[in-house]
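S.K.: Residue strings, one per chain:
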Amino acid sequence: MIKNIAIAAAVGASLVSAGAALAADPIKIGVIAEESAISGVGIPNGAKIAADEINAAGGINGRMIEIVQYDDHNSAADAVRAFQRAANEDHVSAVIASYISEVVLALEPWSGRLHLPMITPGAASNVITARIKEDYDHLKYTFHGYLTSTELADIVCNAAKDQLVTGLHMQTAVVVSEDAAWTTPLDEEYLKCLPQVGLKVLDHIRLSPDTTDFTPIWNKVEGEKPDVIITGISHVGVQPTVQWQQQQVPIPMYGISSQATSSTFWKDTNGAAQGITFNLQSAPDTPVTPVTIPFAKKYKERYGIDPGYAAYTSYDDVYIIAEAIKRAGSTDPDKLVEAMEQTDHVGTIGRETFLGRDTSSPHGLRTGPGYITGLMVEWNDGKQVTVWPQGVAEGKLIFPSFVKIKQTSAQ
Amino acid sequence: MQALQILIDGFAISSLYALGAIGFTLIFGVCGVLNLSHGAIMVTAAVAAWATADAWHAGTYGGALIGVAAGTILALATYALVVRPIQRSRAIPAEEKEIFILTSTLLWGIMLQEAIAYFFTDNPKTVRPLLPGVVEILGVRTPWNEVLTAAISWAAIGLVWLLIHRTKRGKQLLAAAINPRGLTLLGFELENIYVLVWGLYGVLAGIAGVLLGAFLGVSSANIGTLTASAFSVVVLGGLGSVTGSLVAAYVVGYLETVTAYLVAPSIRSVPVLLLLVAVVYTRPQGLLGRR
Numbered sequence: 000m001i002k003n004i005a006i007a008a009a010v011g012a013s014l015v016s017a018g019a020a021l022a023a024d025p026i027k028i029g030v031i032a033e034e035s036a037i038s039g040v041g042i043p044n045g046a047k048i049a050a051d052e053i054n055a056a057g058g059i060n061g062r063m064i065e066i067v068q069y070d071d072h073n074s075a076a077d078a079v080r081a082f083q084r085a086a087n088e089d090h091v092s093a094v095i096a097s098y099i100s101e102v103v104l105a106l107e108p109w110s111g112r113l114h115l116p117m118i119t120p121g122a123a124s125n126v127i128t129a130r131i132k133e134d135y136d137h138l139k140y141t142f143h144g145y146l147t148s149t150e151l152a153d154i155v156c157n158a159a160k161d162q163l164v165t166g167l168h169m170q171t172a173v174v175v176s177e178d179a180a181w182t183t184p185l186d187e188e189y190l191k192c193l194p195q196v197g198l199k200v201l202d203h204i205r206l207s208p209d210t211t212d213f214t215p216i217w218n219k220v221e222g223e224k225p226d227v228i229i230t231g232i233s234h235v236g237v238q239p240t241v242q243w244q245q246q247q248v249p250i251p252m253y254g255i256s257s258q259a260t261s262s263t264f265w266k267d268t269n270g271a272a273q274g275i276t277f278n279l280q281s282a283p284d285t286p287v288t289p290v291t292i293p294f295a296k297k298y299k300e301r302y303g304i305d306p307g308y309a310a311y312t313s314y315d316d317v318y319i320i321a322e323a324i325k326r327a328g329s330t331d332p333d334k335l336v337e338a339m340e341q342t343d344h345v346g347t348i349g350r351e352t353f354l355g356r357d358t359s360s361p362h363g364l365r366t367g368p369g370y371i372t373g374l375m376v377e378w379n380d381g382k383q384v385t386v387w388p389q390g391v392a393e394g395k396l397i398f399p400s401f402v403k404i405k406q407t408s409a410q
Numbered sequence: 000m001q002a003l004q005i006l007i008d009g010f011a012i013s014s015l016y017a018l019g020a021i022g023f024t025l026i027f028g029v030c031g032v033l034n035l036s037h038g039a040i041m042v043t044a045a046v047a048a049w050a051t052a053d054a055w056h057a058g059t060y061g062g063a064l065i066g067v068a069a070g071t072i073l074a075l076a077t078y079a080l081v082v083r084p085i086q087r088s089r090a091i092p093a094e095e096k097e098i099f100i101l102t103s104t105l106l107w108g109i110m111l112q113e114a115i116a117y118f119f120t121d122n123p124k125t126v127r128p129l130l131p132g133v134v135e136i137l138g139v140r141t142p143w144n145e146v147l148t149a150a151i152s153w154a155a156i157g158l159v160w161l162l163i164h165r166t167k168r169g170k171q172l173l174a175a176a177i178n179p180r181g182l183t184l185l186g187f188e189l190e191n192i193y194v195l196v197w198g199l200y201g202v203l204a205g206i207a208g209v210l211l212g213a214f215l216g217v218s219s220a221n222i223g224t225l226t227a228s229a230f231s232v233v234v235l236g237g238l239g240s241v242t243g244s245l246v247a248a249y250v251v252g253y254l255e256t257v258t259a260y261l262v263a264p265s266i267r268s269v270p271v272l273l274l275l276v277a278v279v280y281t282r283p284q285g286l287l288g289r290r
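Quick note, the sequences are listed as chains A and B, same order. Counted from 1, the first sequence has number 185 at position 186 by numbering that gives the first Met the number 0; the numbering is strictly sequential. Counted from 1, the second sequence has number 258 at position 259 by numbering that gives the first Met the number 0; the numbering is strictly sequential.
One or more of the hints may lead you astray.
Derived Cβ-Cβ restraints for the label pairs, each shown as a range [what the hints assert, rightly or not]:
id : chain 1 : residue 1 : chain 2 : residue 2 : range
1  : A       : A75       : B       : V134      : 42 to 48 Å
2  : A       : P208      : B       : K167      : 48 to 54 Å
3  : B       : T102      : A       : Q170      : 39 to 45 Å
4  : B       : V134      : A       : D380      : 25 to 31 Å
5  : A       : A76       : B       : L272      : 41 to 47 Å
The hints are simulated quantities; they were obtained by calculation from the structure and are not laboratory data. Quick reminder that beta carbons are idealized off the backbone N, C-alpha and C, glycines included.
The shape of chain A in the complex, shown without the other chains:
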């Protein structure tokens, strides 16, 4: 008799504890990124900070967030395997994936097939949202948590208008970009918007992403005598910068240079980065929103370096997912997608809302005044200094002495 009671008690207790475990089951978010790259490792790192903050505040309706990390080694095949594993074995509720457009484009159909919501914190190709537009019902599970290349080009053009055309009276530019998925729409927009803001494009050079010797490219550009080099580079960055400086190319570089967004860029280039000006949506010392600086500080405390560009958005993405789960009251993928579409989150790069199904890029971030406006940041004396727009700028453009700004055109 006593034995039976004991058994019943044990069974009861285990049932109770099982029930408790169920209620406290963590909500898993998968993070797929290349962990040996600075921009890549920022994605899980940023996500973990957000998860810890949310958990410290009690989680989502009492459930904790658990980040499950996968290293894709910058390979689309590895990323797809990781995504399948995340869906089928680890049963994550959503995935934050990669800063490489090619990888995200490979994952996009899988997100549709496996009904697993995915958001990319760093890829820029316009094709990601263009596909959602074409086939919304199947691909609605993908969200573009970073700006599209076209939007990035527009930010650079707006900044160039203020700083280069109005400020320095420049008139001509050469566009130098790497041959990759994200730069096709970028270059298209550059070629359209640069002339509109007053910079005549003298040449458009596309280089192979595995270029190591930039001497011929810089010599060619120098021969064309533009006032500025407008860049669109991400896979390359350290090498063209160092060779630009060693060769003393007298023309400033301005535009998008993803490697320059990393705080180790100064050391990687041995200081050759002086004067490199690049687009970022957030910088460690710039109060883009009230959450930007606290996040950057926390990141630096925890990992010893400043966050790379995708770390900011990855941090935001965890919040976007968590808030959507809260709103949806479930992790059901269709309900979650619906809730994510209602996102209105003040994140590290601005006010984040997704474009609707009726726009040309559904699930892309809304940009412009009041939403995300972007920054131009310059490397100066070992530090990233925000130089545009005026409201948040901490300094003016300072180029190294070998860069010659034409004074004649100022008259």
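Since the structure of chain A is already known, use the hints to place chain B on it.
M.R.: Only chain B this time, still in chain A's reference frame:
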């Protein structure tokens, strides 16, 4: 003007290719080993130079020396840990040893690549130039570093030539390349010669790595390409032929530079690969190959 630019830039990059390939061909000529961890050894040297120059306050020159030392130690370690155990193994049949060594050096290279990516990330790194600033050569503004790269490469190649042709040790190397069995019969310990060759190779690969790091920059992601480019230079020139490798290095360097200047920088390596296919097809022993 552009012709002059091509001449100068092509010379610098070709000299570096020559230096990188000469060690590779030496190892093959003397030991019969195709060392597919070549790129990893070069990149390790460059990363060591980059990391120690600031972190250990070794300075530019100190860092460069540490880089060369790292390359040398790693080359000797490659021999001691990877190549020698296979050469001495009784379990592996003699006729399969070559393929075993090929595979194991490849795997060793990948291990080194992953280790570098893990500890230092795969972001490219640049070694501080030994000489900063620029010089006008016939009106072409050339970085001193580029001039120095060519000069050091040729100095190192010259020293190797002197070592091989003017010293007793060097003649033993040459003999080992021609007839290792004969050398053993004369009472020479082949293993001592191998250690010497690997050490020499390590110094060359170390210098090439550090110069590459200062000239173009390196990343662990480039390791495969570096091995492949040394390999194509050597195959083009003729496996084991030092002169062939030198000639091929210049053919490859100039072909790439001319393509980058006159056609498009995005396809700079394509003509070289086409040439390689053509040479392998019509003249499998390479331009100056002897076997």
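S.K.: Determine for every hint whether it applies to the structure shown.
M.R.: Now the hints, each set against the structure:
no., hint, in the structure
1, A/A75 / B/V134: 42 to 48 Å, "holds, 45 Å"
2, A/P208 / B/K167: 48 to 54 Å, "holds, 49 Å"
3, B/T102 / A/Q170: 39 to 45 Å, "violated, 58 Å"
4, B/V134 / A/D380: 25 to 31 Å, "holds, 27 Å"
5, A/A76 / B/L272: 41 to 47 Å, "violated, 24 Å"
Checked against the numbered hints listed earlier, the structure breaks hints 3 and 5; every other hint is satisfied.
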